[in-house]
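Quick note: the sequence shown, position 303, residue 302 per numbering that gives the first Met the number 0, numbers continuous.
Don't read these hints as lab results, they were simulated from the structure. For glycine and all other residues, C-beta sits at the position ideal for the given N, C-alpha and C. Be aware that one or more of the hints could be misleading.
Taking lysine to any residue pairs in the SDA-like style, the calculated list, with each CA pair at most 20 Å apart, reads [claimed, not checked]:
(1) 370 x 313
(2) 553 x 432
(3) 5 x 69
With beta-carbon atoms standing in for the labels, derived distance ranges [stated by the list, open to error]:
(4) 418 x 22: 50 to 60 Å
(5) 272 x 435: 39 to 49 Å
(6) 515 x 20: 22 to 32 Å
(7) 244 x 313: 41 to 51 Å
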Amino acid sequence: MNIEKKISEKTIEALQSLYSAIVEKVSLEKTNPDFVGDITLVVFNFLKISKKKPEETATEIGNYLKSNIDEVVDFNVVKGFLNIVIDDSFWLNYFKSINGKPFIDLTRAGLPTNAPTVMVEYSSPNTNKPLHLGHVRNNLLGYSVSEILKAAGNNVIKTNLVNDRGIHICKSMLAWKKWGGGETPESSGLKGDHLVGKYYVEFDKQFKVQSSKLKAEGVSDEEAEKKAPIMLEIQDMLRKWEAGDKETRALWEMMNGWVYKGFDATYKMLGVSFDKTYYESNTYLLGKNIIDDGLAKGVLKRRADNSIYIDLTADGLDEKTLLRADGTSVYITQDLGTAVQRFEEYKFDKLVYTVGNEQDYHFKVLFLILKKLGYKWSDGLYHLSYGMVELPEGKMKSREGTVVDADELMQEMINTAAATTKELGKAEGLSETEAETLYRTIGLGALKYFMLKIDPKKKMLFNPAESIDFNGNTAPFIQFNYVRIQALLRKAKEDYFKDNLEILDASTDIPSASLLPKEKQLIIQLYGFNSTLNQAANEYSPAVIANYVYDLAKEFSQYYHDTPIFKEEKKDLILFRLQLSKTIGIAIKSSMQLLGIEVPERM
Numbered sequence: 000m001n002i003e004k005k006i007s008e009k010t011i012e013a014l015q016s017l018y019s020a021i022v023e024k025v026s027l028e029k030t031n032p033d034f035v036g037d038i039t040l041v042v043f044n045f046l047k048i049s050k051k052k053p054e055e056t057a058t059e060i061g062n063y064l065k066s067n068i069d070e071v072v073d074f075n076v077v078k079g080f081l082n083i084v085i086d087d088s089f090w091l092n093y094f095k096s097i098n099g100k101p102f103i104d105l106t107r108a109g110l111p112t113n114a115p116t117v118m119v120e121y122s123s124p125n126t127n128k129p130l131h132l133g134h135v136r137n138n139l140l141g142y143s144v145s146e147i148l149k150a151a152g153n154n155v156i157k158t159n160l161v162n163d164r165g166i167h168i169c170k171s172m173l174a175w176k177k178w179g180g181g182e183t184p185e186s187s188g189l190k191g192d193h194l195v196g197k198y199y200v201e202f203d204k205q206f207k208v209q210s211s212k213l214k215a216e217g218v219s220d221e222e223a224e225k226k227a228p229i230m231l232e233i234q235d236m237l238r239k240w241e242a243g244d245k246e247t248r249a250l251w252e253m254m255n256g257w258v259y260k261g262f263d264a265t266y267k268m269l270g271v272s273f274d275k276t277y278y279e280s281n282t283y284l285l286g287k288n289i290i291d292d293g294l295a296k297g298v299l300k301r302r303a304d305n306s307i308y309i310d311l312t313a314d315g316l317d318e319k320t321l322l323r324a325d326g327t328s329v330y331i332t333q334d335l336g337t338a339v340q341r342f343e344e345y346k347f348d349k350l351v352y353t354v355g356n357e358q359d360y361h362f363k364v365l366f367l368i369l370k371k372l373g374y375k376w377s378d379g380l381y382h383l384s385y386g387m388v389e390l391p392e393g394k395m396k397s398r399e400g401t402v403v404d405a406d407e408l409m410q411e412m413i414n415t416a417a418a419t420t421k422e423l424g425k426a427e428g429l430s431e432t433e434a435e436t437l438y439r440t441i442g443l444g445a446l447k448y449f450m451l452k453i454d455p456k457k458k459m460l461f462n463p464a465e466s467i468d469f470n471g472n473t474a475p476f477i478q479f480n481y482v483r484i485q486a487l488l489r490k491a492k493e494d495y496f497k498d499n500l501e502i503l504d505a506s507t508d509i510p511s512a513s514l515l516p517k518e519k520q521l522i523i524q525l526y527g528f529n530s531t532l533n534q535a536a537n538e539y540s541p542a543v544i545a546n547y548v549y550d551l552a553k554e555f556s557q558y559y560h561d562t563p564i565f566k567e568e569k570k571d572l573i574l575f576r577l578q579l580s581k582t583i584g585i586a587i588k589s590s591m592q593l594l595g596i597e598v599p600e601r602m
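Produce the entire structure from the sequences given, and follow the hints as far as they go.
Structure follows, in structure tokens:
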């Protein structure tokens with residue numbers, strides 16, 4: 000029942016019939032709410048073909064569509080915009096076809112065997128500190144994009160690349176070894192990732208003390224930072240790790256184990272998961288064989304000092320070193336090897352890297368190198384570049400311990416949700432367990448929605464207080480309207496249709512004349528779910544879904560206030576309006592599910 004496809008085909012036919020012009024594609028959009036119409040065709044692109052004024056061109060195309068499409072009952076022209084009116088019976092028939100049915104299937108059970116395979120990488124934490132506010136946006140964005148792509152018909156593999164080695168990891172290890180006194184998560188009462196993060200901060204404090212002392216003795220800033228005793232110790236520890244020293248490796252495994260347990264608890268609370276986890280300690284040597292291949296092809300070059308590089312200046316970039324003079328690899332070398340390994344393992348059609356926009360240049364270089372090396376699948380690589388999260392008080396700094404911890408943030412959101420919900424009386428009648436579940440659902444939902452409603456490309460300012468509001472563009476507002484629908488359905492089952500509950504799921508015929516303008520608008524919004532889903536998948540943007548579900552909830556809220564369902568005298572209209580409400584509820588729940596947000600049944 001794709002009316003847009005029908006209008007597009009007939010518009011192309013109209014252009015050929017009216018102006019003897021062949022056009023392959025036309026674009027349609029939703030009609031501006033200030034004008035009458037359901038679908039709008041912009042005709043400015045056709046003026047060179049028609050050689051007529053915009054209004055005259057639009058009118059001629061409109062008359063053709065009205066004569067050749069049964070569902071088109073009227074149209075109006077506003078300058079170069081052709082606003083098309085679709086017969087109410089079409090919308091009613093469409094509603095009957097979706098009444099009470101699910102909007103999405105995230106089980107993968109219905110995927111065809113030839114469905115595209117898309118790998119989405121997100122999270123990518125370091126094992127020297129707990130997850131923070133920036134990680135929250137990364138995880139929520141990557142997880143939601145994965146769910147959207149899955150619902151749009153792709154075979155999705157959610158992956159995490161854990162940065163578990165390197166000098167930054169050794170900083171926490173050395174600080175714990177020197178000043179930890181054998182402290183463990185059990186003895187301290189701290190989550191493992193928080194405990195390790197405590198010693199990362201401690202390292203930085205000690206390093207500043209030592210380097211400041213050297214500077215006071217007349218050593219240059221650069222030399223002081225290089226020759227601080229603790230920095231020399233950390234470099235020695237890294238060399239021991241790379242050489243496989245048993246004591247160093249045992250310490251590394253123990254502390255990383257603490258962190259992984261802490262990460263798992265955070266991921267569980269945040270509601271994100273992964274199908275495959277990669278570890279940098281297993282992948283950091285990958286890519287060196289690719290260097291040899293690139294040299295043989297003449298794509299890579301060797302400098303006089305024996306380092307290997309690629310010259311990308313002709314492409315508007317720089318020269319990029321891939322192997323140092325001593326034969327050690329740089330970070331991008333590992334990324335080359337990891338990408339090749341993943342393709343060999345999964346034969347993906349797309350690989351989406353969810354990484355902040357400070358890495359834009361890195362990914363331009365990475366993708367271009369793979370392309371020049373002859374990997375055809377590199378065309379399927381995509382950097383989902385997102386803006387940083389800032390707070391009203393400014394940027395965060397991990398080394399100084401000024402970050403907003405993810406666990407503390409989530410708990411703060413739950414506590415705020417509890418206070419707000421109690422104040423508004425929305426937890427009345429719930430048991431203590433039910434109330435605690437509600438606070439968690441509202442608090443975490445508010446956090447997720449606030450993070451995802453902003454276009455990923457934009458930098459965002461996170462304000463927890465704004466996110467928990469039952470009257471704005473927030474998750475609590477959307478959740479509250481879903482709860483309203485469930486309350487309507489419970490009342491219907493208890494008071495109106497208790498002897499015939501099946502009737503709520505049956506198709507109900509009402510005359511087109513009985514369809515209220517707001518009901519038609521709601522059905523049109525339901526009709527737009529699939530196109531919205533496809534747009535969100537194509538743009539890798541959960542914000543598209545968030546805007547859709549907010550608009551749907553807002554329209555329903557107005558409908559709920561203006562149309563008292565149970566005061567209607569005609570039973571078939573009561574039934575239709577309940578079915579419409581129920582289906583809207585399904586669409587809201589499905590949309591929120593794509594955002595990783597739960598909806599409560601009672602409030």
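Give me the numbers of the hints this structure contradicts, sorted from smallest to largest.
-> 2, 5 and 6
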